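Q: Letter by letter, the chains look like this.
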Amino acid sequence: MSDTQLKGWTDGADAILYQSCAACRHLWYFRRGFCPSCGDASPQTHKASGKGVVYAATILRRAATPEAKAHVPYAILLVDMAEGFRMMAHGDNNLRLGDHVVAEFRPFTSLRTPYFVKT
Amino acid sequence: MSFISGVGLTAFGKHEGRSTLDLMSEAAESALTDAGLKRRDIDGLLTGYSTTMPHLMLATVFAEHFGVQPSYAHAIQVGGATGLAMVMLAHELVEAGVAKTILVVAGENRLTGQARDSAMSTLAQVGHPDYEVPLGPTIPAYYGLLASRYMHDYGLTQKDMAEFAVLMRNHAMLHPGAQFRDPITVADVMASREISSPLKLLDCCPVSDGGAAFIISREPTGDHHVRIMGCGQAHLHQHVTAARSLSDVGAAVALSRAQAKAGVDPRSIKYAGIYDSFTITLAILIEELGLAKRGEAAARVRNGDFGIGGALPINTHGGLLSYGHCGCGGAMAHLVETQLQMTGRAGPRQVRDASLALLHGDGGVMSSHVSMFLERVR
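Heads up: the protein sequence lines correspond to chains A and B, in order.
Numbering follows the numbering used here, in which position 74 of the first sequence is assigned residue number 83; successive positions increment by one, without gaps.
Numbering follows the numbering used here, in which position 198 of the second sequence is assigned residue number 382; successive positions increment by one, without gaps.
No lab work stands behind these hints, which were simulated from the structure alone.
All values derive from a computational prediction rather than experimental measurement.
By construction, the Cβ of each residue, glycine as well, lies at the ideal position given by its N, Cα and C atoms.
Among the hints, a few may not be true.
Distance windows between CB atoms, simulated [to be verified]:
hint	chain 1	residue 1	chain 2	residue 2	range
1	B	E248	A	S58	56 to 62 Å
2	A	H109	B	H258	46 to 52 Å
3	B	P238	A	F43	28 to 34 Å
4	A	K16	B	A375	43 to 49 Å
5	A	F43	B	A375	48 to 54 Å
6	B	H258	A	R41	37 to 43 Å
7	A	E76	B	M237	22 to 28 Å
8	A	F43	B	T217	49 to 55 Å
Computed footprint of chain B on chain A, listed as stretches where at least three residues anywhere in the stretch have a Cβ under 8 Å from a Cβ of chain B [said to hold, decoys possible]:
hint	segment
9	60-67
10	79-85
11	95-103
12	116-122
Using the sequences plus the hints, can you model the full thing?
A: If you want it as C-alpha cells, here you go:
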C-alpha cells in the first residue's frame with residue numbers, strides 16, 4: 010500500500026504513516042518529499058499496521074501546556090513499530106519496556122493521537 | 185594555539201529586574217578584568233541566544249550596548265551545547281588568524297524574565313513540531329524516556345541517579361554563587377516529587393538567571409595559561425524519536441574527534457566538566473565518554489571518584505543541577521570552573537591536580553555534542 014495522498018494522525022486521520030525509499034531501502038517516520046539517506050525524490054508513503062514494542066516510556070506528572078493539564082498523568086512512549094521505524098505516542102500508564110502493543114486513537118487536547126495498549 | 189585568558193561568571197539564581205544584556209555585560213566585564221584587557225582589545229565577539237530576548241542579531245546588539253566594535257561578530261545557537269560550541273569556534277577563528285582576542289558571552293534572565301509555563305513550552309519546542317510536540321512532552325519527559333531505556337539496558341536505578349544530584353549539591357555547597365546550597369541526601373532526592381518518571385524534581389536542573397563569559401586569545405594575556413588543545417563535535421539527530429540509539433548519542437564521536445585534534449588519551453585527564461541537565465544526562469555522558477564503564481558511573485560516585493578529593497573531580501562548582509542553568513551560560517559555568525581549577529583559583533573547591541581537563545556539552549535531547557581538551561601550560 011503506497012499513496013502520496015494518504016493521511017496520518019498528524020493530518021487528523023486515525024492512521025500512522027511511514028515512508029520508504031525504493032532506491033536505497035531506507036525506511037523512516039517523519040514525512041518528507043525525499044529520502045534522507047540517499048536523496049531520492051520519490052519516497053513511498055505507507056500505512057503502518059499499528060503493532061509494535063515499547064522501547065522507552067515515561068509518565069508525566071506535570072503537563073507541558075495548560076491544554077494538556079486535564080490529561081495528567083499521561084504516558085509518553087517511544088514504540089518500535091513492526092515495520093521498522095520508531096515513533097512517539099501515548100499509551101496506558103502501566104506499560105513496560107518490551108511490551109507488545111497495538112495503536113488506538115484517542116482524544117488529546119484538541120487532537121486525536123496514537124495511544125498504545127497491550128496486545 | 186589559543187588560550188582561555190579570562191573568565192567571568194555571575195551568581196546563578198534570581199536576579200530580579202536584570203535583563204539579558206545586564207547579565208551578559210556583568211559576565212563580560214568580569215572576563216575582561218580577569219584577562220587584564222580593555223574593551224578596545226576585543227576584535228572578535230561570539231554570543232549565544234536568549235529565550236527572554238529573542239533577536240536576529242544579538243551579537244551586534246550586545247557589541248553596541250557593551251561598547252565594542254569587533255571585526256568579527258555573530259550569535260550561534262546549539263541549545264545547551266552553545267557555550268562550548270562558541271569556545272570551539274573562537275579557538276578555530278584564533279588559529280585561522282581571523283581574530284586575536286575573542287569575547288565569548290551569554291546570559292539570560294530565564295527565571296525571572298518570563299512565566300514558568302512560558303519557559304517550559306519554549307524549551308519543549310526542541311521536539312518535533314508535528315510528530316512530538318502535539319503529544320504534550322516536556323523536556324523532563326524526553327529525558328525520562330532516555331532514563332527508562334538506560335535503566336533497562338544497563339541496570340541503572342533511581343537511587344543510582346540520585347547519587348549524581350547529591351554529588352553536584354555537595355560541590356555547590358562550597359560555591360557562593362550556586363543557586364542551591366542546602367545539603368541533600370539520596371533519600372531527599374528519592375522523596376522529591378515525580379516530574380516525569382523515573383525523574384523526580386531533584387533529578388532535574390533548575391531554571392536560573394545568570395551569565396558567563398570568556399576571553400579566548402592567541403597568546404595568554406596575563407598569568408592564566410590554559411591552552412585549548414583540540415575540540416570536536418557530533419550531531420547525529422535532533423529529535424529523540426529519530427535517535428538511532430539512546431546510549432550512543434554522539435558524545436563518543438565528538439570525543440574521538442577532539443582526541444584526534446588534541447593528541448591526548450582521554451584516560452589521562454585529571455578533571456572533567458560534563459553537561460548535567462538531568463542526573464541521567466550526567467550518567468549517560470560519563471559512561472559514553474568512557475570515564476566509567478557502562479552501568480558503573482554511580483558506583484564510582486559512591487566511591488568518591490568524582491568528588492573534589494577524588495581521582496577525577498567533575499563539575500566542582502555544582503553543575504547545572506545545583507549551580508543552576510540559565511540557558512547558553514549554564515554549561516559555560518563548567519568551563520569557568522575548569523579554568524579556575526587549572527589556574528589554582530578554586531578556593532575551598534580546589535582540586536589537587538587539574539593540569540589536563542575534558543569538557544563536554546550537549547544540546548537538545550542529547551542531539552548536539554561538543555568535546556574539548558584543555559591543558560595548563562607553564
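Q: Determine which of the earlier numbered hints do not hold for this structure and return their numbers in increasing order.
A: Hint 6 is the one this structure does not satisfy, whereas the remaining hints hold.
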